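K.L.:
As a plain string of letters, each chain reads:
2 protein chains.
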Amino acid sequence: MCNQCNYENLLNASDLNATDNRLRVLEVIGNNSYPLSAADIFTTLKRTCSINRVTVYRILDLLVERGIVDRISTGGRAFYYGMAPNENHHPHPHFYCTRCGQMDCLTQDSLNVDTKALWKTFPGRIDKVEVRVDGICKNCMK
Amino acid sequence: MCNQCNYENLLNASDLNATDNRLRVLEVIGNNSYPLSAADIFTTLKRTCSINRVTVYRILDLLVERGIVDRISTGGRAFYYGMAPNENHHPHPHFYCTRCGQMDCLTQDSLNVDTKALWKTFPGRIDKVEVRVDGICKNCMK
DNA sequence: CATTCAATGCAATAAATTTGCATTGAGATT
DNA sequence: AATCTCAATGCAAATTTATTGCATTGAATG
Chain G
1 MCNQCNYENL LNASDLNATD NRLRVLEVIG NNSYPLSAAD IFTTLKRTCS INRVTVYRIL
61 DLLVERGIVD RISTGGRAFY YGMAPNENHH PHPHFYCTRC GQMDCLTQDS LNVDTKALWK
121 TFPGRIDKVE VRVDGICKNC MK
Chain E
1 MCNQCNYENL LNASDLNATD NRLRVLEVIG NNSYPLSAAD IFTTLKRTCS INRVTVYRIL
61 DLLVERGIVD RISTGGRAFY YGMAPNENHH PHPHFYCTRC GQMDCLTQDS LNVDTKALWK
121 TFPGRIDKVE VRVDGICKNC MK
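Residue numbers (my numbering), protein chains in the order written: chain G, 1 to 142; chain E, 1 to 142.
Careful, some of the hints might be misleading.
[What the hints assert, rightly or not] To spell it out: a stretch of chain E is covered by chain G in this simulated footprint if at least three of its residues, at any positions, have a beta carbon under 8 Å from a beta carbon of chain G; those stretches are:
id : segment
1  : 69-79
2  : 97-108
3  : 119-129
4  : 133-140
No wet-lab data here; the hints were simulated from the structure.
Everything numeric in this text was worked out from a predicted model, so none of it was measured.
A virtual CB, placed ideally from N, CA and C, is assigned to each residue, including glycine.
Assemble the whole structure, with the sequences as input and the hints as a guide.
P.N.:
Given below as structure tokens:
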């Protein structure tokens, strides 16, 4: 849950008009404590407003492209979306339950990833390092 | 490229009959120096034998389920497949070029991931830790 | 020779996402 | 005020990737 990010500012800073729909999508993502699928976001929005599925996808694409939101791959077929790293959101690994599809955020230091060497020697451009732990969550273990 | 794994033994050790198709799929994966998509594997096989796309998917599922092959997520929509860790193949991170879709293996120690703490404290079951670097590869940078 | 069953093929379906084209509405231009 | 423009959105259809259901085959077994 994020109480610190000003979504309107985030959009403006990326030269995006802060439309109602963009703000709504960003709020759903930012106010959630774990990443959500496009379907999750769409379903949530549908409850309180009339928005098209395609619009959600397009907004997500835009937010990812501008680096406001992170597209996170799962062990499954759908992407999940969470706030991209910024002053209020630090990069962190995720846990994906292969049984129920729930994705959780792990603390930044639960997995220690040292990327310094790679950044120095890699002959291309590095945009992002994604760390995902797959397994069965506490709930599904019961 | 793997000259050490005996694919027939790998299959037998998992109680799988070493059918021609299974061996072929495993050879394509094992003899390649980077992970391949199901489509890559299918296309490669099609060149030299008659096999159905569905058979490839089914064999891949089976190999993944038995832990012979790893299903690796990319920044894109398709899964990629590479040899699962065994005595000849150590776990390692991957690089995914978001421009051309090429996936490369990084050396085991180019990224230092320390998972000890997580294993001790995580309240569910951990099956796999996937580390993927996304960016633009050397070729696409030109 | 009949039976069984794992392996495979083929067609249809599903899930997630993307594309093409139409509509709308707020602000700029005449 | 009427018109124009363009970003934002909607709707239907298409695409991509993967999965399912059911039929066929062929080797092994009784």
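K.L.:
Now look at each hint and say whether the structure bears it out.
P.N.:
Hints, verified against the model:
1. With 5 residues having a beta carbon nearer than 8 Å to a beta carbon of chain G, the segment 69-79 of chain E meets the requirement of three or more and the stated coverage holds.
2. Figure legend: the segment 97-108 of chain E, annotated as covered by chain G; annotation consistent (3 residues with Cβ-Cβ distances under 8 Å, at least 3 required).
3. Restraint check on the segment 119-129 of chain E versus chain G: 9 residues with Cβ-Cβ distances below 8 Å, three needed, restraint holds.
4. Counting residues of the segment 133-140 of chain E whose beta carbon lies closer than 8 Å to any beta carbon of chain G gives 7, which reaches the threshold of three, so the coverage claim holds.
Consistency with the previously given hints is maintained throughout, with no hint failing.
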